[in-house]
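Full structure from sequences and hints, please.
Chains as they are written, first to last, in the numbering used here: chain D, 1 to 73; chain W, 1 to 149.
If you are wondering where the hints come from, they were derived from the structure by calculation, not from laboratory data.
In silico DMTMM-like links for lysine to aspartate or glutamate, alpha-carbon gap of 25 Å or less:
(1) D:Lys63 x D:Asp48
(2) W:Lys147 x D:Asp48
(3) W:Lys147 x D:Glu5
(4) D:Lys41 x W:Glu108
(5) W:Lys148 x D:Glu34
(6) W:Lys148 x D:Asp60
(7) W:Lys69 x W:Glu108
(8) W:Lys148 x D:Asp62
What follows is the residue order along each chain.
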Amino acid sequence: MVKIEFLGPIARASIDIEASSLKDVALYLQQDSELTIWLDKSAIAVNDIMVCDLNHTLKDGDKISLLPPVCGG
Amino acid sequence: MMVEIYDGPLDIKTIFANWLEDGMERNWGAFIPFIGIVREEDGIEALSFDIYQPILDSWFNDWQAKAKKRGAILKMAHSRGDVPVHTSSYMSAIFSPKRRVALELIDEFVEDFKANAPIWKYDIINGKRVYAEGRSTPMRGAGLLSKKD
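This is the structure we're talking about:
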């Protein structure tokens with residue numbers, strides 16, 4: 001199982017799913033129509049490291065974070 | 001050196017004094033602070049912030065390493081939660097032996113902060129917290145999970 005957490009304004013509880021790569025996570029989350037607008041503009045971190053490769057492999061216990069558009073200051 | 005996170009508005013005078021004291025002891029030639037103040041506009045009572053600290057810290061540490069290569073160091077403080085108008089939510093500063101490096105770095109650092117620090121801003125209007133989506137910037141690599149293959 002991997003944990004998916006939704007940061008900032010996405011305001012959703014974390015979920016646990018079975019996934020062996022970020023592609024699996026993408027396919028799972030794309031089924032949720034309410035998430036579509038967030039997937040288009042969110043960056044992704046795995047275990048708090050930013051990741052830009054959909055083929056990134058995942059292992060049991062990994063944490064995937066969705067980071068929507070930011071505005072500090 | 002970590003980002004200083006405070007609940008509510010920043011105590012500018014205390015933070016500034018601490019940074020200044022630290023810098024004065026280390027023979028820096030230039031100290032350039034930047035202080036962001038919440039403006040009263042569009043009927044907002046306050047801004048409010050969420051922060052994801054693990055990635056904020058690693059983003060800041062990367063910048064600290066870049067600054068170190070140029071002989072400088074960075075300081076940064078940010079608010080979490082509500083920050084009323086006319087108070088401060090953000091401070092950063094560069095210490096450098098020479099002014100030119102400090103002037104360039106404060107510009108680059110603050111711009112990248114706006115685009116890539118994992119901080120989310122909300123307007124507080126009539127007591128409601130509204131995501132400042134129109135003023136927010138997608139981070140590097142955004143949209144990865146919307147791809148089909």
